[in-house]
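Student: Sequence:
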Amino acid sequence: MTTKRFCLFAESQMSRLKSIFDQQRKPVPLGKLLGRGGEGAVFEIVGQPDLVAKIYHPDKARERQQKIAAMVASGIQTKVSNAAFPLSPLYEGVGTFAGFTMHRIGKQKPVHQLYSPASRRNEFPNADYRLLLRTAQNIARAVAAVHSTGCVIGDLNHSGILVGADATATLIDCDSFQFSANGKAFYCAVGVPDYTPPELQGRSLENIDRTPNHDAFGLGVAIFSLLFLGRHPFAGRYLGRGDMPEERAIAEYRFAYSSDRSRTQTETPPFAPTLSYIPRELAVAFEACFGPGGANGARPKAADWISLLQRAETQLVKCSASAAHFRFSSAPNCPWCALEKAIPGFIAFPFPLNVNTATPLDLGQLIAAIRGVTDPGTAPSLHSAMPAVQSTPSIQNKGVLDSSSGQFVLATLGGAISAVLLRLGYLPPLISLGALAASAYFALRNPKQLHAKGPRAYQLKQAWDQIDQRYRTEGDASRFNEARRQSELKIREYNELPNEEARRLAELSCRQREIQLRYFLERYSLVNAKIKSVGSARKSTLRSHGIDTAADISRQRIESIPGFGPATAGLLLSWRSDLERRFVFNPSQPVNPSDIAQVKSDIAQRRINLEAALKTDLMAIRTAAAEIGRSRNDLTTRARAIWVEFKQAEADEKVRVFGDVSARRWVFGVICFAAFIVAGVNSSGPTAASVPPTPPSSRSTTSAPSAVPNISKSSGSTPPIVNVPTKMSTQAAVPPQLWDSTQQTPPRVERKPQEAPKNNFEAAAAPPAVPPLDPPREVKPPPQPMTEVTPSIAQTAPTVVVPDPSIGRLNDLGFTAAIEPSWTVTALNGLREFKIVNHLTADNRLDAMTTQALQSPQAIARNRSFLGGWATDAACTQGTQLTISVQEARTEGGVCTFDAFLPSRSGWAVRGHCQVGGDRWPATISFGVSGIALSWSSAKGNATYYRCR
2 MTTKRFCLFA
12 ESQMSRLKSI
22 FDQQRKPVPL
32 GKLLGRGGEG
42 AVFEIVGQPD
52 LVAKIYHPDK
62 ARERQQKIAA
72 MVASGIQTKV
82 SNAAFPLSPL
92 YEGVGTFAGF
102 TMHRIGKQKP
112 VHQLYSPASR
122 RNEFPNADYR
132 LLLRTAQNIA
142 RAVAAVHSTG
152 CVIGDLNHSG
162 ILVGADATAT
172 LIDCDSFQFS
182 ANGKAFYCAV
192 GVPDYTPPEL
202 QGRSLENIDR
212 TPNHDAFGLG
222 VAIFSLLFLG
232 RHPFAGRYLG
242 RGDMPEERAI
252 AEYRFAYSSD
262 RSRTQTETPP
272 FAPTLSYIPR
282 ELAVAFEACF
292 GPGGANGARP
302 KAADWISLLQ
312 RAETQLVKCS
322 ASAAHFRFSS
332 APNCPWCALE
342 KAIPGFIAFP
352 FPLNVNTATP
362 LDLGQLIAAI
372 RGVTDPGTAP
382 SLHSAMPAVQ
392 STPSIQNKGV
402 LDSSSGQFVL
412 ATLGGAISAV
422 LLRLGYLPPL
432 ISLGALAASA
442 YFALRNPKQL
452 HAKGPRAYQL
462 KQAWDQIDQR
472 YRTEGDASRF
482 NEARRQSELK
492 IREYNELPNE
502 EARRLAELSC
512 RQREIQLRYF
522 LERYSLVNAK
532 IKSVGSARKS
542 TLRSHGIDTA
552 ADISRQRIES
562 IPGFGPATAG
572 LLLSWRSDLE
582 RRFVFNPSQP
592 VNPSDIAQVK
602 SDIAQRRINL
612 EAALKTDLMA
622 IRTAAAEIGR
632 SRNDLTTRAR
642 AIWVEFKQAE
652 ADEKVRVFGD
662 VSARRWVFGV
672 ICFAAFIVAG
682 VNSSGPTAAS
692 VPPTPPSSRS
702 TTSAPSAVPN
712 ISKSSGSTPP
722 IVNVPTKMST
732 QAAVPPQLWD
742 STQQTPPRVE
752 RKPQEAPKNN
762 FEAAAAPPAV
772 PPLDPPREVK
782 PPPQPMTEVT
792 PSIAQTAPTV
802 VVPDPSIGRL
812 NDLGFTAAIE
822 PSWTVTALNG
832 LREFKIVNHL
842 TADNRLDAMT
852 TQALQSPQAI
862 ARNRSFLGGW
872 ATDAACTQGT
882 QLTISVQEAR
892 TEGGVCTFDA
902 FLPSRSGWAV
912 RGHCQVGGDR
922 WPATISFGVS
932 GIALSWSSAK
942 GNATYYRCR
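Residues 2 to 950 in the numbering used here are what the sequence shown lists, from first letter to last.
Any given hint could be a false lead.
Below, computed lysine-lysine pairings styled on DSS-like, alpha-carbon distance capped at 25 angstroms [said to hold, decoys possible]:
#  : residue 1 : residue 2
1  : Lys185    : Lys80
2  : Lys601    : Lys462
3  : Lys61     : Lys185
4  : Lys61     : Lys33
5  : Lys80     : Lys110
6  : Lys27     : Lys61
7  : Lys33     : Lys108
8  : Lys319    : Lys601
9  : Lys33     : Lys19
10 : Lys302    : Lys319
11 : Lys68     : Lys185
12 : Lys80     : Lys319
13 : Lys491    : Lys342
Hints are computed from structural coordinates only; laboratory data are not their basis.
Go ahead and model the full structure; you've got the sequences and the hints to work with.
Tutor: Shown next as structure tokens:
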């Protein structure tokens, strides 16, 4: 209700209420109107600051007269101190019942202003989680006190509970409690749906006999809302089809935080803490309160909640990251830090406004001490620290055969045989080379590595290598340098604190209008707002998603809630806009002192944290420098002793026969080379006599025949001269010419065309006895088709009329909107999208693999990939909420930029960075597409979206 309507109501009532009096007919002058509701209004009583008067509307007064009289007569008001029961009836006119007096509740506010983070920052600026837990205990005590009198609250809800900054709690609207006197029962005929137990949902409450077990449900909702910062236990994400209103979820026992998700088909809202963040016995109590067994009396009673909350209070610990956060010791991490990181601008608990004015330590001396620690520097090589050793071999080792000499001899013999076989060509060259390489490996291995209990030098070398490795690891100065670097960063941050404080205070002045507007909007709570089609159930759902005041309303936050579409968001935004039009900026109004104190408190706390961190850094730097120096000295001393002994043992082993690896190399190389040369000199290959003559009429049938050799006799002992053409022709071999009938036909020797002349005689052949062949010509391979085409924007567009078929295929798969005549920018972009979607290299090159993938029937089309627009519901009733390209994924609230696509067995995986507001973090995201559904998976959680376009 606006201020104007409120004042009009007050004026209209004052004329009727001037003659209010009590049972003794003493006038009761009414003062300021404090509030009004559906039944009546509450006024101050002039001269009695501890009392207030509730005056009913005329039609309601007649219904309540007997009940109020029975309550006053029973003296119940003297039995309960934390509930505002009627004290005495009030009358008007000629004795008509008008209302009653009750105790005034001093400086207490509705409980929803405490558990809502937005209103708590203004109404309870110093409240932390400890206050919420203590307040929950006191609410349970108030309910237990009421039950002890025989009353049942009935309509237990957030509006009927007032709480103070000292965690005190008082129940109001006691005149609506269920009460019995003299055999007559006065029922509670009203109830708020989101606090009504499942067994009473949808039923008329006028004549229902309420029980304490019914109150236990409402008490559980109030306690849950306090511990989970305003979230309703039944406001979650329904996993089934259609919408799940909160009243139906309650009626069907769909506790959103339940571990029995298979039954509830409901999961917690985004970023909400789960039951794992509270003690186990509290979680069990909530399951019993909101589960199917609750209707049968299994819900914890008010006395049970008192004990549970008292034990839970002893388990609270301070968060190591924020002094404003308290959490349960059994929680896996701080839920409030996670909420503040996940929701931009969200503050779970403001930092305590206590500026430390104590004199800080002498930071200059601390910094000087940190920088004064001697840098150990880069460690010198351990070899450079070893002494020069002139060792004389022991006499007893000279001439002694090395223990591995037998293996060396056998390997060397194998190498010589392999060289001979390679030279003579009796085996394929690759086999001969392989045998030669294997022989070289076994022959040239260091003799020190041949036996586990080998020569003494090998054992000493192993020991020295181990010390050298430790020296490089333990003597490395990197940990000292890293500790020094971290301390310098803290020193720089510390020195920047005054500038940061000045900047933040100046920012408050620049944002004065924005801040005033926010404070103005935070005064208007959704609980009291009258918005068309937004009832108490929807308001409860909004509160469960952190939307408590007009300042919290934004289209993105509203439409992200299941069941809230653009229409509801428009109504809420219209309400906010109406309020904004009433806002008047006051430039002369100073910055809110609490905001200034918040900045100063934050800077002071950071200064304290940095000073403590620098003290720790000083000890870490000193310790690192001392440990590095000690390790270097100790290991160097130990290495020197081993080094001297190692050099002596090495000298002893070198004088053994075949004990030096360099000698082995020389012997092996000489023997193998000699075998190769000797085999070539002593063998001329297959002789002419061993080759059968070829008939003159023979013809070559190969596609690249050899030229026909000519053998002629010479006088004396000169060997026959074999003439072989040195070049090959591409044409067929010329048939041999007919010889003179008196001349003997010489034998012919056939040789493979690749075979070179075996001796100098062949190289200097006699003139041919047959007509010469055609001059040799170069054989060029036929032009091969290009195996790779690299389209580029810089290339000249082809002049052909017919488009590239690859572009047409891209169009068929949905990666281009039209068939381009050439490789335009659009076509290249489509090609890159296709390659990314089909797990190829992320570029715009049209290579052979890409061409094959394009023509494959298994090619993934664009509409079967992660690309496109998506929504949280299959019908896309709220429009596109997530848009994914090959560069980024964007929503209204943030963006994830893709840096690289990773191999993935199913779907797609991408590495990038996500940013929401000022918060930025690296992320690895996995996409999977099944039909029209897209699964999104990352370290932040999992989500499912449905294709819109």
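Student: Under the constraints set out in the numbered hints, which ones does this structure not fulfil?
Tutor: Violated hints (numbers, rising): 2, 10, 12; every other hint is consistent with the structure.
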